[in-house]
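> One line per chain: the protein sequences are A and B, in this order.
Position 349 (the first sequence) corresponds to 349 in our numbering; numbering is contiguous.
Position 205 (the second sequence) corresponds to 205 in our numbering; numbering is contiguous.
No lab work stands behind these hints: they were computed from the structure.
These numbers were taken from a predicted model, which means no experiment stands behind them.
Mixed in with the good hints there might be a few duds.
Heads up, the list lumps identical chains together, so a pair's fine if it works in one copy or across two of them.
Derived DSSO-like pairs: lysine-lysine, alpha-carbon spacing no greater than 27 Å straight-line [claimed, not checked]:
1. K335 <-> K433
2. K19 <-> K335
3. K335 <-> K471
4. K335 <-> K35
5. K335 <-> K440
6. K471 <-> K440
7. K262 <-> K235
8. K262 <-> K139
Number of protein chains: 2
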Amino acid sequence: MTRKTNYHMSAEEFRRFGKEVIDWIADYYEWVESKPVVPDVQPGGIRTMLPVDPPLTGEPFSEMLDDVDRVIMPGITHWQSPNFFAYFPSNTSFPSILGEIMAAGMGVQGMVWKTSPAATELETHVLDWMASLLGLPDKFLSNSEGGGVIQDTASSAVLCAMLAAREKATSGVSNRQGVSGSLVAYTSDQAHSSVQKAARIAGIGDANIRLVETDDGFAMRVDRLAELMAEDREKGLTPFFVSATVGTTSSMAIDPIPEIAKLCDGIWLHVDAAMAGTAAVCEDYRWINAGLDGAQSYCFNPHKWMFTNFDCNCFYVSDRHALIDALSILPEYLKTREHGSGAAIDYRDWQIPLGRRFRSLKLWFVLRHYGAEGLAHHVREHIRLAETFETWVREHPDFNLVVPRKLNTVCFAHSQGNSFTEQLLESVNQTGKLFASHTKLGEAFTIRMVVGARDTELRHVQNAWNLFVNKAGEQSRRTSK
Amino acid sequence: MTRKTNYHMSAEEFRRFGKEVIDWIADYYEWVESKPVVPDVQPGGIRTMLPVDPPLTGEPFSEMLDDVDRVIMPGITHWQSPNFFAYFPSNTSFPSILGEIMAAGMGVQGMVWKTSPAATELETHVLDWMASLLGLPDKFLSNSEGGGVIQDTASSAVLCAMLAAREKATSGVSNRQGVSGSLVAYTSDQAHSSVQKAARIAGIGDANIRLVETDDGFAMRVDRLAELMAEDREKGLTPFFVSATVGTTSSMAIDPIPEIAKLCDGIWLHVDAAMAGTAAVCEDYRWINAGLDGAQSYCFNPHKWMFTNFDCNCFYVSDRHALIDALSILPEYLKTREHGSGAAIDYRDWQIPLGRRFRSLKLWFVLRHYGAEGLAHHVREHIRLAETFETWVREHPDFNLVVPRKLNTVCFAHSQGNSFTEQLLESVNQTGKLFASHTKLGEAFTIRMVVGARDTELRHVQNAWNLFVNKAGEQSRRTSK
Chain A
1 MTRKTNYHMS AEEFRRFGKE VIDWIADYYE WVESKPVVPD VQPGGIRTML
51 PVDPPLTGEP FSEMLDDVDR VIMPGITHWQ SPNFFAYFPS NTSFPSILGE
101 IMAAGMGVQG MVWKTSPAAT ELETHVLDWM ASLLGLPDKF LSNSEGGGVI
151 QDTASSAVLC AMLAAREKAT SGVSNRQGVS GSLVAYTSDQ AHSSVQKAAR
201 IAGIGDANIR LVETDDGFAM RVDRLAELMA EDREKGLTPF FVSATVGTTS
251 SMAIDPIPEI AKLCDGIWLH VDAAMAGTAA VCEDYRWINA GLDGAQSYCF
301 NPHKWMFTNF DCNCFYVSDR HALIDALSIL PEYLKTREHG SGAAIDYRDW
351 QIPLGRRFRS LKLWFVLRHY GAEGLAHHVR EHIRLAETFE TWVREHPDFN
401 LVVPRKLNTV CFAHSQGNSF TEQLLESVNQ TGKLFASHTK LGEAFTIRMV
451 VGARDTELRH VQNAWNLFVN KAGEQSRRTS K
Chain B
1 MTRKTNYHMS AEEFRRFGKE VIDWIADYYE WVESKPVVPD VQPGGIRTML
51 PVDPPLTGEP FSEMLDDVDR VIMPGITHWQ SPNFFAYFPS NTSFPSILGE
101 IMAAGMGVQG MVWKTSPAAT ELETHVLDWM ASLLGLPDKF LSNSEGGGVI
151 QDTASSAVLC AMLAAREKAT SGVSNRQGVS GSLVAYTSDQ AHSSVQKAAR
201 IAGIGDANIR LVETDDGFAM RVDRLAELMA EDREKGLTPF FVSATVGTTS
251 SMAIDPIPEI AKLCDGIWLH VDAAMAGTAA VCEDYRWINA GLDGAQSYCF
301 NPHKWMFTNF DCNCFYVSDR HALIDALSIL PEYLKTREHG SGAAIDYRDW
351 QIPLGRRFRS LKLWFVLRHY GAEGLAHHVR EHIRLAETFE TWVREHPDFN
401 LVVPRKLNTV CFAHSQGNSF TEQLLESVNQ TGKLFASHTK LGEAFTIRMV
451 VGARDTELRH VQNAWNLFVN KAGEQSRRTS K
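Bound conformation, chain A alone:
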């Protein structure tokens, strides 16, 4: 038997299969609308279609493409469907996909400036552009003491912010000696679970994070924040970090950042605008940035509502040295002249992992393809559709808004109460015609309709509403029998 001397796929095969895959993707966006948004599979169902043993010899690539259609696609929840209204959007776009493709092709590793100068500099540049497009404070620009970096997620961003705050509050002692029990962090009881997760990871612990009560609109109560800080100070504890939210996950509530900032003298204020932040690309929604002048860090996710492939979180700090002091370790094998001179940014020191993909490429493509005008247009459209849906809820005698709509998120329930609403959501989702998800607001089981998929139009929102109304009617009739 002759052994092969080269098992790589040839460039010719790649050209052929690559073009098939491009067509496959374009086709996908054409047919996805007609398929159930959530697949009808049971746990373990996909694995039974896969061979138990790993491949010992190579297989033709055409078989893999066939298997994607046969095995994988029946188990996909279609985030790109125009009928996807659950959780948050994770919308993408063709320019972004093209950026991901080029980044994958180049296969560069941007851990330090030298390992691909263009990857670092494009990232810095695009994050400056983004700050300008959203009207963020100048202190987040790279020509200030601060700057921006792409993180994978808002979870990692809040962890990095908390670590920088921890180091600053302890003048470097926490990295050297470990965490002592005296640091206290604050966020609202509606904040994303990632804040609590960050506090656990950073050694702060649940006992030292205060989940500040929220008001009727589920925004942080500043009076309670002030009281809690005062109580903690009296106990000899050190308030060091506040994470405020612009657009909570459950109900899109917006914490009163200007008032919170006033309490944060010497305390690191992080603002998480994961989904909502995108809206600032429209001048008429730029009010969501109010108070950012008083924040030490800020993040939002183009991978949620700005047509950019996951992962892409834009994270800004007003004091880059605080971040680097918390996260930099420089072994000999990573020393470069450019680092030593301070002339170049080494983004490895701005994040948890060492390695980094070339993620700014897709964001560059998105910003240039759409321009501020195109992005603002689509964001306004999504908000307008959510507003229309809200009107329907308001006007229907059997449904009620749990809170007034904010931006693209409608929180509603059926008037027959929690278990009726829960059952309604389940039966609507089971049709496969849409996917919405739930939360609890106060005691209310709440359906969340979030409008943000790339291709969602009025007809999708209209169909969704009709389905809720019809299913509720059926359910009422069954119940009253």
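Here the structure of chain A is known, so what remains is to put chain B in place on it, guided by the hints.
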């Protein structure tokens, strides 16, 4: 002025540009060999070619493609060049790129099972395959108490391992109350900087991590580990975590895992085989797995030496509940029936971030395209080339091996000492004909030649050696004048 109603790229344009991009990538792998590996640019040089202001209106996509060639490529360090011998390989392959492309196209978010069952199940399945291909212990398989997950990097993997160990050692107290100062972690003075970074992040601190001395081969000294543990116990401290390395970054040293494991009764042993782990796909190199039976977690990076796009770290634990206990927070809006029943894995609880890309797709394609046979073939080839290079070093009177070669990594220096060697490396790298990087081993400034790029063949290694020899000759003649 009429406003556009849709700013998206059309499917037709995507098909056209997508196919251009596929050809661009195939072309790239044809011309990359002939270009300088490291670009000749100064910090800030790329940014001067980019417009200061962000785009307000959209631009044609063809201009972006032109700008990639005009602005970006002159600033790229070519990790995929066959003349790239620096740091570690970050090799990719056409099947992997195709997997990335499909994942980008689908745009699914695999944070929990329900948000794309196939993404979760394929990941579990492929990680089981991988464990089998590498001969890892059964306790890392998904049908045991343990299991595998894809992390972005080995840095995140060691952090997750340390957090799980921290929780376990404190019976959950550290998540609830924060970290106390009594926990101590151990790794060698040759371990990757990510271990120390993890200890800082996790609130353990530099003062509570022992960098155990290494032997002449730069492997951890077990006698010193035992002594340090005993001293710490005497001080009332609690040893809770050891990170051992199979293939250190500097010199590919392999810590004596079996002996270390014996000391780790009740202490979490993590094994980081970031680059070297791949070699176990060859049965003749499977000895690198010795002692893994005694480890609680293990990771290696297919994105280093297994033809898989960054990011892709395979992380295994023998007790998945320890990991989940450390990292799970379950807010209402993420509750699903499948989670509640325990029937499905929600990988969000196995990692730092919440969101996740569909990374198993590319790994599935790589394993199926190459099969174990193809992967083993190329790994053996890389090792053979490194061995050849080692022989040349050994036989040349002016060069010496700083340590014997292990696997694909040759550490060598010029006999005229540190500053001569440092200058030699710089002048060789400045030719652009190759890129190698350095480390310090003991007092020796050391050049590292790591063979692992997809297309590296004998002629590239031969050219590299000739260049070192010739440049050293020139430098000697200049010095002796």
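> For every hint, state whether the structure bears it out.
Hint check results:
no.: 1; hint: K335 <-> K433; result: between (55 Å within a copy, 21 Å between copies)
no.: 2; hint: K19 <-> K335; result: neither (41 Å within a copy, 39 Å between copies)
no.: 3; hint: K335 <-> K471; result: between (63 Å within a copy, 23 Å between copies)
no.: 4; hint: K335 <-> K35; result: between (52 Å within a copy, 24 Å between copies)
no.: 5; hint: K335 <-> K440; result: between (50 Å within a copy, 11 Å between copies)
no.: 6; hint: K471 <-> K440; result: within (21 Å within a copy, 70 Å between copies)
no.: 7; hint: K262 <-> K235; result: within (22 Å within a copy, 45 Å between copies)
no.: 8; hint: K262 <-> K139; result: within (18 Å within a copy, 53 Å between copies)
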